[in-house]
Amino acid sequence: MADIAHNLFGAFAVACKPLYLYYALLGAILGTIVGVLPGLGPLGAMSILFSFTLKLDAIGAMILFAGLYYGAMYGGSTTSILLNMPGEAASVVTCIDGFKMAKKGRAGAALTVSAVGSFIAGTISIIGLTIATLFLADVALRFGPPEFFAIGACGLALLVRLSGGSVLQSLIMIFLGIALSTVGVDALAGVERFTYGIRELGQGIELLPVAMGLFGIAEVMLDIEQNEPTQTVQNVKLRELLPSREEWRRSIAPMFRGSFLGFAIGLVPGPSPVISTFVSYIMEKRLSKKPEEFGQGAIEGVAGPEAANNAAVGGAYVPLFALGIPFTAPMAIVLGTLMLHGLSPGPNLIRDKPELFWVVIASMYIGNVMLLVLNLPLINVFVSILKVPKHILLPVIALICLIGVYSINASQLDLIMLALFGFIGYALRRMDFQPAPLVLALVLGPMIENYLRQSLIMTGGSVAGMILRPICLSMYIAVSLVFIVPLVWRFVRKPRRSESPGLSETGPGVQGQ
Amino acid sequence: MEANNLRNQRITAVVLFGFSVFYLISSFWYKMGTIRKPGPGLVPMTVGVILFVLTTIYLIRLFVAKPTERKEKAVSLEEEKSARRISTTIYGMLGCTVVYPFILELMKFVISTSVVAFFMLFIMKPQRPLFSLCLALAMAVGSFLIFSRFLGVALPSGFLEELLFRIGG
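Protein chains in written order, with the numbering used here: chain W, 483 to 995; chain U, 15 to 183.
Bear in mind the hints are in silico, worked out from the structure with no lab data behind them. Nothing here was measured: the structure is a model prediction, and the numbers come from that model. Incorrect hints may appear among the rest.
[To be verified] Partial list, derived from the structure: chain W residues whose beta carbon lies under 8 angstroms from chain U:
#, residue
1, L650
2, L653
3, F657
4, I706
5, I867
6, V870
7, S889
8, A892
9, L897
10, L900
11, A909
12, L938
Every residue, glycine too, gets a C-beta built ideally from N, C-alpha and C.
With the sequences and hints as input, model every part of the structure.
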């Protein structure tokens, strides 16, 4: 404990350097802007900023991304509450009660509760991140290739279950991502694969053009297709920002519940910030003494989900820092950035480069304070960004993507890849495919392949030897249960329903009991 | 599923199936090795087989599915025009991103970026070409200064870029 405090104080001293404070501020502001703008989520923004981070040191890049991710969660709620228009997917739930509150003249209170909830959640998740990462990293030092293969494979399997949409489509995306990850020189045998004589493909398919194409360019196309007019924006007066005593009283418990729930969900693969908001909303509604108020402007419906989505961000960092395995698409971008800076995240990173880990933790906290201080007074400034006409904003985003991709390797092939994946992303998203599993599989693919081959060599080709190790076996069992339990549950519930049809009329609450 | 949507889904499924077949066949070029000592072709071949099975299931599902009856809905001339304009804009923007890699090194940064930015702005709002031209130039010069001067990125440079670099200090 004394070690943690010592490291953290040292990290605060570094994170408070003017340059790092500037990066934290920049990340927080850019993140809030991204959150406010509908369509361009944190993932798209991180893909676009990826090229900029090359000019920063690794710590600066991590600070920028952490501020951006948290800022996007803060900013997303603003448009949900004021305009009934979620800035990004994790703020969809906030629209339900947030906008109803705004219609009743309580927009300011909803925004303050959302910001304070996000701050509390951010703080709790940072503490959780510190403790969980140190514990997990310590355990992970004893892991071998079979364990790392199990984590990667189970992570992808869970992604199928949790990423939403059709299981078949998610599976296709994952295996497509793994297939793309096999392009380039094989790390173990040194053989070129699927390069077809194109020298530049020897390095493999780069993450940046794929991510920017699938999320940046495709988003521009989808935005054009939606053809939504530029918003008319209502202003919030500063004196309206303070919630009443009753509103505070009703918000505190949901904020804490949302924080712990969000952090726990953040540890699981998939779009955790989005899932956590839905789970938190349902939980608050079930726990509320006045569930009928939900959907009519209940402040708990804003406080809980907003805390949950922020806490999930902290949770998502744990597997990346402790195991070197990203479980969400934004974390895949963070991993890519670290690798471009010559660092490989995982248990050894905390041992070999502790200053990076601790400074990022400290700067997350500083970023959270900045967001709380900045966001409420400047709320009208951020919302006014929505006044920028789309016919200017969208070409600017597309150009940043183009120049950003070129700036990494000065490669024409990367630009062609960007255009290609922009088109693929647009087509896939129109057909209800989720591109996030593809990006994650592209990043995890080489890791999983290498660990699989190393494990097979290590165990003399025994698949049982790979599976029947205590940690691996428990992981495979846990993931299998995630798939089997819902099937069994559905099977068990069907006959019961037919035995007592009266139950269904009493509502889901009774059935659940 | 509506007929139009189903047709698009089927096209996507055929493309995915085609890719999986191509990938699977290509994976046989590499040494499989043995289970004790896996070669560079083992994982691609396994992934290829799984992808082939998945895309085949997806393809069969879509070709077995029947399109739902589409409710007759009167489409006004205005709506039709708007839909056509949106698809022109989308393909125009995509076209700009495809063209950019090929003209960047040929025309150097400022001119190629201005040209692409102009077309993007013009496609988005065709009524104001002069405004689009000025904005495109500003975007190209601005991005050159940001990327080249502040971030130190080596961009394709000619006379104009060197001049800008000197003016920028």
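Quick check on the hint: A892 of chain W CB to chain U CB, less than 8 angstroms?
Hint holds; A892 of chain W Cβ to chain U Cβ min 6 angstroms, cut 8 angstroms.
query: Holds or violated: is there a CB of chain U closer than 8 angstroms to the CB of I867 of chain W?
result: Not OK, violated: I867 of chain W not within 8 angstroms of chain U, min 18 angstroms.
Hint check: is the beta carbon of V870 of chain W less than 8 angstroms from a beta carbon of chain U? Constraint on V870 of chain W not satisfied, violated at 12 angstroms.
task = May I ask you to test the interface hint for I706 of chain W with respect to chain U, counting a Cβ-Cβ separation under 8 angstroms as satisfied?
result = Check passed: Cβ of I706 of chain W comes within 5 angstroms of chain U, closer than 8 angstroms.
Hinted contact F657 of chain W with chain U - closest CB pair below 8 angstroms
OK, holds: F657 of chain W within 8 angstroms of chain U, min 4 angstroms.
- Task: So, S889 of chain W near chain U? Judge it on the closest CB pair being under 8 angstroms.
- Result: Holds: closest Cβ of chain U sits about 4 angstroms from S889 of chain W, inside 8 angstroms.
| message | Checking hints one by one. Is L650 of chain W an interface residue toward chain U, by the C-beta closer than 8 angstroms rule? | response | Check passed: Cβ of L650 of chain W comes within 6 angstroms of chain U, closer than 8 angstroms.
* Have a go at the L938 of chain W hint: is there a Cβ in chain U nearer than 8 angstroms to its own Cβ? => Constraint on L938 of chain W satisfied, holds at 5 angstroms.
- Message: Let's test the interface hint: is any C-beta of chain U closer than 8 angstroms to that of L897 of chain W?
- Response: 4 angstroms, holds
| With a cut-off of 8 angstroms, does the beta carbon of L900 of chain W approach a beta carbon of chain U closely enough for the hint to hold? | Since the shortest Cβ distance to chain U is 7 angstroms, the answer is holds.
- Proposed interface contact between L653 of chain W and chain U, which counts if any beta carbon pair is under 8 angstroms: Hint holds; L653 of chain W Cβ to chain U Cβ min 5 angstroms, cut 8 angstroms.
message: Restraint: A909 of chain W near chain U, CB-CB cut 8 angstroms. Satisfied or not?
response: Holds: closest Cβ of chain U sits about 6 angstroms from A909 of chain W, inside 8 angstroms.
Figure legend: structure checked against the earlier numbered hints; hints not met, in rising order: 5 and 6.
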